[in-house]
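Chain order of the listed sequences is A and B.
Under numbering that gives the first Met the number 0, the first sequence has 105 at position 106, and the numbering climbs by one with no breaks.
Under numbering that gives the first Met the number 0, the second sequence has 17 at position 18, and the numbering climbs by one with no breaks.
By construction, these hints were calculated from the structure, which means they are not laboratory data.
Hints are supplied without guarantee of correctness; some may be wrong.
[Claimed, not checked] Heads up, incomplete: computed chain B residues facing chain A, CB under 8 Å, no partners named:
1. W17
2. F21
3. L24
4. L42
5. A72
6. P93
7. T106
8. M113
9. I117
C-beta: ideal position from N, C-alpha, C; glycine also.
There are 2 protein chains.
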Amino acid sequence: MTQHAIILFAHGARDPLWAAPFEKLAALVAARRPDHLVRLAFLELMTPNLADCVASLVAENIASMTIVPAFMARGAHLRRDLPLLVAALREQHPHLQISVTEALGETDAVLGAMADWIAASQDA
Amino acid sequence: MTQHAIILFAHGARDPLWAAPFEKLAALVAARRPDHLVRLAFLELMTPNLADCVASLVAENIASMTIVPAFMARGAHLRRDLPLLVAALREQHPHLQISVTEALGETDAVLGAMADWIAASQDA
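Working from the sequences, and respecting the hints, build out all of it.
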């Protein structure tokens with residue numbers, strides 16, 4: 000069985016502390032899916048970028064990967080930049096199976112958890 | 000009893016579709032806390048900004064509010080920009096009670112929900 004990779008794709012920021020919750024998320028996902036590789040990649044300002052992340056997975060013989068946009072919402076970065084990046088990856092690595100999920104912040108599960116947390120925080 | 004407001008504070012984007020999940024989140028929070036007013040405010044590119052949102056609440060005699068940063072992580076926008084905005088609001092409205100929560104994407108509850116969703120999405 001070929002191993003599958005999950006790439007958490009985040010925006011990136013100048014402040015290195017910004018990456019902390021994404022690193023925590025990667026660890027949480029890895030604990031839930033020990034059968035998959037879990038990696039972080041960034042659109043800008045942090046490394047690795049998506050192309051380097053995928054190249055490193057290809058070098059490890061990973062041929063199947065899911066890109067999970069760790070964004071609150073879908074603006075130009077996800078509507079324009081990410082599709083261009085994925086199209087370039089598919090051209091460069093035609094054998095790869097690449098899928099892209101919804102943005103995390105748009106999923107009903109995450110929106111519900113956010114709403115629950117906000118509602119409960121008002122009683123603290 | 001004076002009514003309390005919850006302000007969901009998001010980054011903002013050029014694409015109007017970007018705001019959709021925040022509007023959905025506001026509706027989910029309002030359903031859970033019908034005792035509170037729930038409003039959206041944006042750092043840039045969308046309206047209202049935080050100062051206008053607060054001014055409108057003050058005009059409605061709301062004197063107590065919680066700002067919830069609807070961000071994935073804390074970079075310069077939350078470490079530098081938001082504290083400056085809140086300091087200016089406190090100076091302008093010294094009678095207001097303003098509290099600021101963690102960024103949503105940094106809370107254990109939301110990180111756990113994200114990890115659960117990602118882990119489950121791999122079986123779809």
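Against the structure, the hints:
| no. | hint | in the structure |
| --- | --- | --- |
| 1 | W17 | 4 Å, holds |
| 2 | F21 | 7 Å, holds |
| 3 | L24 | 5 Å, holds |
| 4 | L42 | 12 Å, violated |
| 5 | A72 | 5 Å, holds |
| 6 | P93 | 23 Å, violated |
| 7 | T106 | 5 Å, holds |
| 8 | M113 | 5 Å, holds |
| 9 | I117 | 5 Å, holds |
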